[in-house]
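Number of protein chains: 2
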Amino acid sequence: MKVVIIGSGNVAYHLANAFVLKGINLIQIFGRNENDLQEIALKTGVPFSTKILDNADLYIIAVNDGALEEVSQLITKKNCIVAHTSGSLPIEILQGEYRKAVIYPLQTFSKSKELEYHKIPFFLEAQNTEDYLFIENLALKISDHVEASSYEKRKYVHLSAVFACNFVNHLFARAKEITDAHDIPFKYLLPLIEETTHKIFQVEPKEAQTGPSVRNDVRITKMQEDLLNGEFLKIYKTMNESIKEMYEL
Amino acid sequence: MKVVIIGSGNVAYHLANAFVLKGINLIQIFGRNENDLQEIALKTGVPFSTKILDNADLYIIAVNDGALEEVSQLITKKNCIVAHTSGSLPIEILQGEYRKAVIYPLQTFSKSKELEYHKIPFFLEAQNTEDYLFIENLALKISDHVEASSYEKRKYVHLSAVFACNFVNHLFARAKEITDAHDIPFKYLLPLIEETTHKIFQVEPKEAQTGPSVRNDVRITKMQEDLLNGEFLKIYKTMNESIKEMYEL
Ligand SMILES: NC(=O)c1ccc[n+]([C@@H]2O[C@H](COP(=O)([O-])OP(=O)(O)OC[C@H]3O[C@@H](n4cnc5c(N)ncnc54)[C@H](OP(=O)(O)O)[C@@H]3O)[C@@H](O)[C@H]2O)c1
Ligand SMILES: NC(=O)c1ccc[n+]([C@@H]2O[C@H](COP(=O)([O-])OP(=O)(O)OC[C@H]3O[C@@H](n4cnc5c(N)ncnc54)[C@H](OP(=O)(O)O)[C@@H]3O)[C@@H](O)[C@H]2O)c1
Numbered sequence: 001m002k003v004v005i006i007g008s009g010n011v012a013y014h015l016a017n018a019f020v021l022k023g024i025n026l027i028q029i030f031g032r033n034e035n036d037l038q039e040i041a042l043k044t045g046v047p048f049s050t051k052i053l054d055n056a057d058l059y060i061i062a063v064n065d066g067a068l069e070e071v072s073q074l075i076t077k078k079n080c081i082v083a084h085t086s087g088s089l090p091i092e093i094l095q096g097e098y099r100k101a102v103i104y105p106l107q108t109f110s111k112s113k114e115l116e117y118h119k120i121p122f123f124l125e126a127q128n129t130e131d132y133l134f135i136e137n138l139a140l141k142i143s144d145h146v147e148a149s150s151y152e153k154r155k156y157v158h159l160s161a162v163f164a165c166n167f168v169n170h171l172f173a174r175a176k177e178i179t180d181a182h183d184i185p186f187k188y189l190l191p192l193i194e195e196t197t198h199k200i201f202q203v204e205p206k207e208a209q210t211g212p213s214v215r216n217d218v219r220i221t222k223m224q225e226d227l228l229n230g231e232f233l234k235i236y237k238t239m240n241e242s243i244k245e246m247y248e249l
Numbered sequence: 001m002k003v004v005i006i007g008s009g010n011v012a013y014h015l016a017n018a019f020v021l022k023g024i025n026l027i028q029i030f031g032r033n034e035n036d037l038q039e040i041a042l043k044t045g046v047p048f049s050t051k052i053l054d055n056a057d058l059y060i061i062a063v064n065d066g067a068l069e070e071v072s073q074l075i076t077k078k079n080c081i082v083a084h085t086s087g088s089l090p091i092e093i094l095q096g097e098y099r100k101a102v103i104y105p106l107q108t109f110s111k112s113k114e115l116e117y118h119k120i121p122f123f124l125e126a127q128n129t130e131d132y133l134f135i136e137n138l139a140l141k142i143s144d145h146v147e148a149s150s151y152e153k154r155k156y157v158h159l160s161a162v163f164a165c166n167f168v169n170h171l172f173a174r175a176k177e178i179t180d181a182h183d184i185p186f187k188y189l190l191p192l193i194e195e196t197t198h199k200i201f202q203v204e205p206k207e208a209q210t211g212p213s214v215r216n217d218v219r220i221t222k223m224q225e226d227l228l229n230g231e232f233l234k235i236y237k238t239m240n241e242s243i244k245e246m247y248e249l
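Protein sequences, first through last, are from chains A and B. Oh and the first sequence: position 102 is 102 in full-length UniProt numbering, straight run, nothing missing. Oh and the second sequence: position 94 is 94 in full-length UniProt numbering, straight run, nothing missing.
Keep in mind that a hint or two might mislead.
What the hints assert, rightly or not - The list that follows gives simulated cross-link-like pairs (lysine to aspartate or glutamate, EDC-like), each with its CA atoms no further than 20 angstroms apart:
#1 Lys222(A) - Glu69(B)
#2 Lys237(B) - Asp217(B)
#3 Lys77(A) - Glu92(A)
#4 Lys176(A) - Glu194(B)
Treat the hints as calculated values from the structure; they're not laboratory data.
Please take these sequences and the hints and turn them into a complete structure.
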């Protein structure tokens with residue numbers, strides 16, 4: 001099987017790297033950003049180009065969600081599979097006469113950060129069994145967790161990731177604004193953050209909840225609200241209310 | 001120096017354990033909950049009792065914030081230091097004629113979870129230099145990070161911990177409700193959660209932000225809002241707004 005990756009961002013970089021490490025026949029990385037393409041080519045040894053090769057069996061488009069529809073039209077070949085990597089777009093976003101698929105890796109990718117690829121869960125969708133088995137075979141070469149997933153399900157996978165990753169990171173960023181404003185080294189929070197994450201590998205997150213909100217400590221929650229304003233206060237009140245609702249306080 | 005710990009909850013358990021490991025002369029654990037006291041005595045070899053010894057130099061009260069004022073009155077001795085361990089209460093909550101102090105450990109403690117004590121930052125307050133040096137000496141035996149902190153500053157330390165730990169854990173709990181409701185194994189989120197935390201050991205959280213909100217991807221944020229209701233929707237909107245505000249989107 002011959003594979004082409006389209007795009008040169010975070011996902012393209014790591015997929016290309018994972019494929020090459022597992023001996024998958026990645027014949028080209030295609031994109032519009034020469035610097036980024038060059039970086040991936042250097043890392044993986046796979047040639048890049050700004051003209052798409054037409055002899056691949058599978059094209060994986062890893063570009064911004066907003067550009068996916070447009071970029072998918074660049075593939076004029078019919079007898080091939082074209083897959084996107086987005087958690088929140090349907091298979092039909094792909095515009096072409098080829099067979100369509102989705103290969104959604106559940107992870108937060110940054111070029112600067114190495115990953116253990118075998119731990120990344122892959123959620124797959126295809127339009128027929130043969131194509132599904134083809135992409136499943138590919139994903140299983142990289143990952144220990146490969147699952148079929150409809151668009152309906154994939155949307156909720158992505159949504160849970162928004163809560164557990166994107167919003168969590170934003171809380172870290174807001175916490176850092178608090179420590180910065182009060183001359184507290186942010187690094188003091190890191191052991192606490194590490195421990196918060198470690199805990200839920202052993203204990204259900206609902207059981208692991210601590211803090212004034214879950215103790216319904218009105219004296220302290222009121223005092224803390226008085227220290228806050230703007231977005232900080234909105235977050236505080238929203239989370240406090242949500243904790244109360246969850247624990248029926 | 002002779003130390004007594006009052007309380008038998010999560011903080012009392014770990015402080016007692018850390019003290020004994022470092023050869024600090026912990027002469028008693030005092031409390032009202034015999035089962036819990038016994039558990040700590042078994043773990044540490046320190047005797048427990050429901051009558052407070054009166055020959056200690058330092059009494060550390062690690063009971064619920066709400067019980068602190070009441071419990072602090074049990075110590076009738078005058079020539080000693082009495083410290084509480086709360087991030088969000090002033091030193092004056094302690095009601096007695098002894099000298100007062102605060103020993104606030106910035107960590108999330110659960111009995112079931114071992115900790116690397118030397119990584120826990122301690123924030124200290126005392127009413128005179130001699131007492132400060134006394135409790136500093138004690139804290140430095142356990143921890144690499146010991147700092148003087150006024151009540152004003154300690155409040156913000158605790159507040160940043162509420163954002164970076166308590167609220168983060170609540171997002172994990174809400175994410176689990178989403179995965180549970182859609183037949184997605186929550187364990188699939190764990191590598192993502194681990195990576196989200198690892199990232200901020202290397203990258204500023206503000207730089208590490210990913211996801212539809214920071215890309216201002218209105219199509220996907222609108223679609224995701226339509227999947228949510230109740231507290232989930234309130235959290236989604238609040239976090240989305242806050243991300244927009246932070247990145248001036
Ligand atoms: N990042 C994650 O953590 C993650 C996780 C799972 C799935 N995904 C999905 O993976 C896909 C790619 O995400 P990413 O994070 O890799 O994005 P990214 O790092 O922002 O990279 C996007 C790539 O798309 C290219 N591109 C954008 N518009 C284009 C256009 N009109 N024509 C040609 N190329 C274009 C960009 O080129 P330029 O550099 O020239 O703009 C860049 O190479 C998205 O569908 C995303 O939802 C991402
Ligand atoms: N947990 C954390 O992560 C953490 C972190 C930093 C600081 N702190 C602070 O440390 C202190 C203790 O917290 P914790 O998490 O250890 O609490 P905890 O696990 O809930 O334990 C509280 C202890 O206080 C006892 N207690 C409650 N009311 C009492 C009363 N009226 N008389 C006598 N004993 C009473 C409880 O006894 P029963 O079992 O009989 O109720 C229990 O032994 C608090 O000030 C908290 O703010 C906690």
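Results of checking the hints against the structure:
Distance check on the hinted pair: Lys222(A) and Glu69(B) sit about 18 angstroms apart at the alpha-carbon level, within 20 angstroms; holds. Using a Cα cut-off of 20 angstroms, the hinted pair Lys237(B) and Asp217(B) holds, with the two alpha carbons roughly 14 angstroms apart. For the proposed pair Lys77(A) and Glu92(A), the alpha carbon gap of about 17 angstroms is at most 20 angstroms, so the pair holds. About 19 angstroms separates the Cα atoms of Lys176(A) and Glu194(B), which keeps this hinted pair within 20 angstroms; it holds.
No hint from the list above goes unmet by this structure.
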